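Novice: Using the sequences and the hints given, assemble the complete structure.
Chains as they are written, first to last, in this note's numbering: chain A, 1 to 215; chain B, 1001 to 1208.
Hints listed in this document are in silico derivations from the structure and should not be mistaken for laboratory results.
Since the structure is predicted, the reported quantities are computational estimates derived from the model, not experimental observations.
For glycine and all other residues, C-beta sits at the position ideal for the given N, C-alpha and C.
Some hints here could point you the wrong way.
What the hints assert, rightly or not - Cut-off 16 Å, straight-line C-alpha distance, at most; resulting in silico cross-link-like pairs (EDC-like, lysine to aspartate or glutamate): (1) B:Lys1145 to A:Asp189; (2) B:Lys1145 to A:Glu147; (3) A:Lys20 to A:Glu198; (4) A:Lys135 to A:Asp192; (5) A:Lys135 to A:Asp201; (6) B:Lys1044 to B:Asp1167; (7) A:Lys135 to B:Asp1081; (8) B:Lys1023 to B:Asp1034; (9) A:Lys135 to A:Asp202.
Claimed, not checked - So these bits of chain B aren't anywhere near chain A, every CB distance computed over 10 Å: (10) Thr1083; (11) Met1151; (12) His1165.
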Amino acid sequence: MSVDRWVVCEQCDAVYTRRKLQPGEVADCARCGHHLYRRHRFDVEILLALTLATAVVFVLANVYPIVTIDAQGSRNAATVWGAVIATWESGVGFVAFLSAMLVFFFPLAQIVLFSYVLLALHRGARPREFRQAMKALALMQPWSMAEVFMLGILVAVVKLAGMMEVIPGIGLWSFAMLTLLLAALTSYDLQDIWDIAERLDDREAPAAGSTGERA
Amino acid sequence: MSRFVTAAELGLLGCHRCGHVLKRPGQGALGHCDRCGATLHRRKPQSLERCWALLIAAMILYVPANTMTMMRTTNLLNSTDDTIISGVIYLWVQGSWELAAIVFIASVMVPISKFIALLTLLITVRRGSDWDRPGRTRLYRIIEKIGHWSMLDVFVVALLVALVHFDVFGRVEAGGGAVAFGAVVVLTMLASMSFDPRLIWDPPARHD
Ligand SMILES: [Zn+2]
Ligand SMILES: [Zn+2]
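Specialist: Right, dumping it as structure tokens:
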């Protein structure tokens, strides 16, 4: 197997021959403007380091309270999981389910699967369940919404600030970091990871090398 | 404008999941991608039908999402029910017009723009229109990118429910509006995912 010579635009079906890009360069579809493929500035090692940092920040963001509110001495704190339980008990199970999946489980699964895939690629081989892991990552990507929750925290804080004292917690700063790191991580196209894995295969089997050819 | 060669014309097929390009095996069942194992389709299956069904369901649910209570604030003296719009007005009156604008954009403008955009795409594709194809594809990319921000108000309610539960100073509870609104966001996301932008470019005869 070798890196594809062709690229097909997934949004308009136009076919191109693949060029070798400079780091940070993006190839756009000349017909519809879609990003066809890119060469990232990060390599696997940087991406792996980012993933592990994201894992640490994810733990902090979920262990420590995001905000604490104080109404004349009575205090309440909230975490993501606290919001899941509170909405469940409030009788809106679907809201609890959405918060749990979109803000907790999907980001967590993304971090775990990215670590799994990248650790193996860093060692120079595909992990055993590479296909399944990549499939799960592709399915979860649109449903991971830490950044939306982050904006939700800001709105909730402003709504409450008029009535009571709002104390930001370690969880808030961790959550902000989590948002940034997850955005950096998921800016990496999954197709790039497929291409990285194929380049590893090529290195092992140099006979299957290929060069660009005109259409 | 130069003429572009399409994968359909060359008998090639780009895998929708991993981008691998395959030589298309005839007209029958396409089987699976030999790189990632995804089930292959020339175009997303029943793209227009699924998109219509999900979009109509979302538009119907958008009515209770706006009329039903999003959250109820109770204290010793009284209780107030908030909808999405009254929540925006509350933020505005409080003086944080920036956040009022953000919530208004995420909860009202984004879903309504998404309804209009998907309706436009569905109708122009069904007619086989050749009107501004790059523009309509860009429109599709925009709604794909912004759709999930509508979940904002659902998360705000979840956080307020978690934070505000005092004996004396009152409590916040979520209402049916939050459930309906969450469902609208999920349905519009599924609707835009099931739409295949390649249909914008296909000649009318080739819709399968
Ligand atoms: Zn294109
Ligand atoms: Zn594939």
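Novice: With a cut-off of 16 Å on the C-alpha distance, tell me whether Lys135 of chain A and Asp192 of chain A pass.
Specialist: Judged against 16 Å, a Cα distance of about 14 Å means the pair holds.
Novice: Was Thr1083 of chain B rightly flagged as not at the interface, with every chain A Cβ beyond 10 Å?
Specialist: holds, 15 Å
Novice: Check whether the Cα positions of Lys135 of chain A and Asp201 of chain A lie no farther apart than 16 Å.
Specialist: violated, 19 Å
Novice: If I take the minimum Cβ distance from His1165 of chain B to any residue of chain A, is it greater than 10 Å?
Specialist: Per Cβ check, His1165 of chain B is inside 10 Å of chain A; nearest 6 Å; violated.
Novice: For Lys135 of chain A and Asp202 of chain A, compute the direct alpha-carbon distance and say whether it is at most 16 Å.
Specialist: Distance of about 22 Å is beyond 16 Å: violated.
Novice: Is the hinted pair Lys20 of chain A and Glu198 of chain A satisfied, with a Cα-Cα distance of at most 16 Å?
Specialist: Given pair Lys20 of chain A, Glu198 of chain A holds - Cα atoms ~15 Å apart, limit 16 Å.
Novice: Take a quick look at whether Lys1023 of chain B and Asp1034 of chain B sit within 16 Å of each other, Cα to Cα.
Specialist: With Cα atoms ~11 Å apart, Lys1023 of chain B and Asp1034 of chain B stay inside 16 Å; holds.
Novice: Between Lys1145 of chain B and Glu147 of chain A, is the straight-line Cα distance small enough, at 16 Å or below?
Specialist: It holds: about 13 Å lies between the C-alpha atoms, which stays within 16 Å.
Novice: Taking the shortest Cβ-to-Cβ distance between Met1151 of chain B and chain A, state whether it exceeds 10 Å.
Specialist: violated, 5 Å
Novice: Holds or violated: are the alpha carbons of Lys1044 of chain B and Asp1167 of chain B at most 16 Å from each other?
Specialist: violated, 53 Å
Novice: Can you confirm whether the C-alpha distance between Lys135 of chain A and Asp1081 of chain B stays at or below 16 Å?
Specialist: With Cα atoms ~43 Å apart, Lys135 of chain A and Asp1081 of chain B exceed 16 Å; violated.
Novice: Taking 16 Å as the top limit, are the C-alpha atoms of Lys1145 of chain B and Asp189 of chain A close enough?
Specialist: With a Cα-Cα distance of about 15 Å, the restraint between Lys1145 of chain B and Asp189 of chain A holds, given a limit of 16 Å.
The earlier numbered hints that this structure contradicts are 5, 6, 7, 9, 11, 12.
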